[in-house]
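A.B. asks: With chain A held as given, fit chains B and C onto it using these hints.
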Amino acid sequence: GRSKTRLVSSYEDEPCMKMTVYYHDILYNGSNNTANATAAAATNPTALSTAVTSNGTYFGMLVVFDDVVTAEQALSSEPVARAQGFYFYDRKEVLNAWFAFSLVFNSTAHKGTLNLMGADLMSEKTRDLSVVGGTGDFFMARGVATISADSFEGFFYFRLKMLIKLYECYV
Amino acid sequence: GRSKTRLVSSYEDEPCMKMTVYYHDILYNGSNNTANATAAAATNPTALSTAVTSNGTYFGMLVVFDDVVTAEQALSSEPVARAQGFYFYDRKEVLNAWFAFSLVFNSTAHKGTLNLMGADLMSEKTRDLSVVGGTGDFFMARGVATISADSFEGFFYFRLKMLIKLYECYV
Amino acid sequence: GRSKTRLVSSYEDEPCMKMTVYYHDILYNGSNNTANATAAAATNPTALSTAVTSNGTYFGMLVVFDDVVTAEQALSSEPVARAQGFYFYDRKEVLNAWFAFSLVFNSTAHKGTLNLMGADLMSEKTRDLSVVGGTGDFFMARGVATISADSFEGFFYFRLKMLIKLYECYV
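Residue numbers (this note's numbering), protein chains in the order written: chain A, 513 to 683; chain B, 513 to 683; chain C, 513 to 683.
Same shape as in the complex, but just chain A:
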């Protein structure tokens, strides 16, 4: 195919690409949701977590996921990507997390991956992760993903809205 050309935004309010997706995390609860679960805890909360608060803030619990990503809000709507990676809880006083993952697109619309990492400051209404790289249709992408909790049903299901803006693209 023809070679792509590099395009860089000069200004913060002029992204070269923009999209909204929904990330659905369905955590394995240890018993009967093996068919639906797409995430599982690889480590338990640390002793520090339970020493500080009786309910725990899950400090040190690391979750690996292969979660569904949709363009519409509903979990049952059509998947547009998978989110593959991990998060862990990292504060002893309150719930707070840190993420690193790939959005893996494999549809007629998009093939390729976006790689993200950053702090999920759960006490903020919105927070920004960095898009640090991309491949395929997202070759060499960089940008910012603004996330917000769209639904939080305890530990075993939550949904994040992700507004992704790229400022470096090859088109």
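Please keep in mind that the hints were generated in silico from the structure rather than gathered at the bench. Since we're looking at a predicted model, the values are computed, not measured. A few of these clues could be false.
Which copy is meant is left open, so a pair is good if it fits within one copy or across any two.
Stated by the list, open to error - Subject to a maximum C-alpha distance of 20 angstroms in a straight line, what follows is the list of computed EDC-like cross-link-like pairs (lysine to aspartate or glutamate):
(1) 623 / 584
(2) 623 / 524
(3) 677 / 649
(4) 637 / 665
(5) 673 / 636
(6) 673 / 590
(7) 637 / 605
(8) 637 / 537
(9) 623 / 636
(10) 623 / 525
(11) 637 / 649
C.D. replies: Quick look at chains B and C alone, frame taken from chain A:
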């Protein structure tokens, strides 16, 4: 607010932003420092670690942290950020680590995050991590953080000096 | 030394640097390969993994490594770097992984690090990771690493071919 404009350094010796901070890691020791501790081991050293050396090099021990970051050297000096992320030890012969984390700034001086990752080659006097992204005041930042062990009091407290130079900024 | 100058590729087919290396993962098998092993599992496969498939897809198993990297295919050929970082398996149905690591070069040819992350879509013949940063000789590098399984001898040894193309360099 007004839109920010992209600024990229053409030369290695001309960063667009430069700052020095101190990172303080206070690891939970399993008993009585729950009030001070800001880090905890999510995994134990692996069997390989203990098979090779009796004291162990902690190969495979993964630590999650929400550590204080100060502008002055003293732990008791004013915090300028939190460092949220993880490190793990990754050599069987000697102590050596790997880091990924966010510097979370939330002061009048700076609001936003810097995202870093890289090898902490502990046998080198100084070593460089990559600043792979940023948000807020550090929107789309990239650069290099040169770290050095400023104090190493065994496993339960160490301090790193971090000289951060950014070469891509939006100002 | 003289200051380096920034060089950015305008086109996907014109990388500013290109190299092929081989990554050798030798996983500790729990008993008698402590001398050769350069990787060890820090977490076990999750209960979700074993609940879904009797053999397991190792969902949630996280491996820390300090692996040898060579320019030639043979494990016994001359090392050109170490790969220090981690991977974990992240699908319940099939083997699939996610990597983040540093290539640590310390030879007359190259001194410095490249930092990589991304999805290792093991069911694809080739897949792309992002090179998200670099230090030393690879100061501020960005690019793409195309990996393929060059040898897969079960769990305890596998070799990946990595074709690394950089599109941002300082020279």
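A.B. asks: Hint by hint, note whether the structure agrees.
C.D. replies: Results for each hint:
no.	hint	result
1	623 / 584	within (19 angstroms within a copy, 31 angstroms between copies)
2	623 / 524	between (26 angstroms within a copy, 16 angstroms between copies)
3	677 / 649	both (15 angstroms within a copy, 16 angstroms between copies)
4	637 / 665	within (17 angstroms within a copy, 38 angstroms between copies)
5	673 / 636	within (14 angstroms within a copy, 29 angstroms between copies)
6	673 / 590	within (15 angstroms within a copy, 35 angstroms between copies)
7	637 / 605	within (18 angstroms within a copy, 35 angstroms between copies)
8	637 / 537	within (19 angstroms within a copy, 28 angstroms between copies)
9	623 / 636	between (32 angstroms within a copy, 13 angstroms between copies)
10	623 / 525	between (26 angstroms within a copy, 18 angstroms between copies)
11	637 / 649	between (31 angstroms within a copy, 18 angstroms between copies)
In summary, the structure agrees with every hint in the numbered list given earlier.
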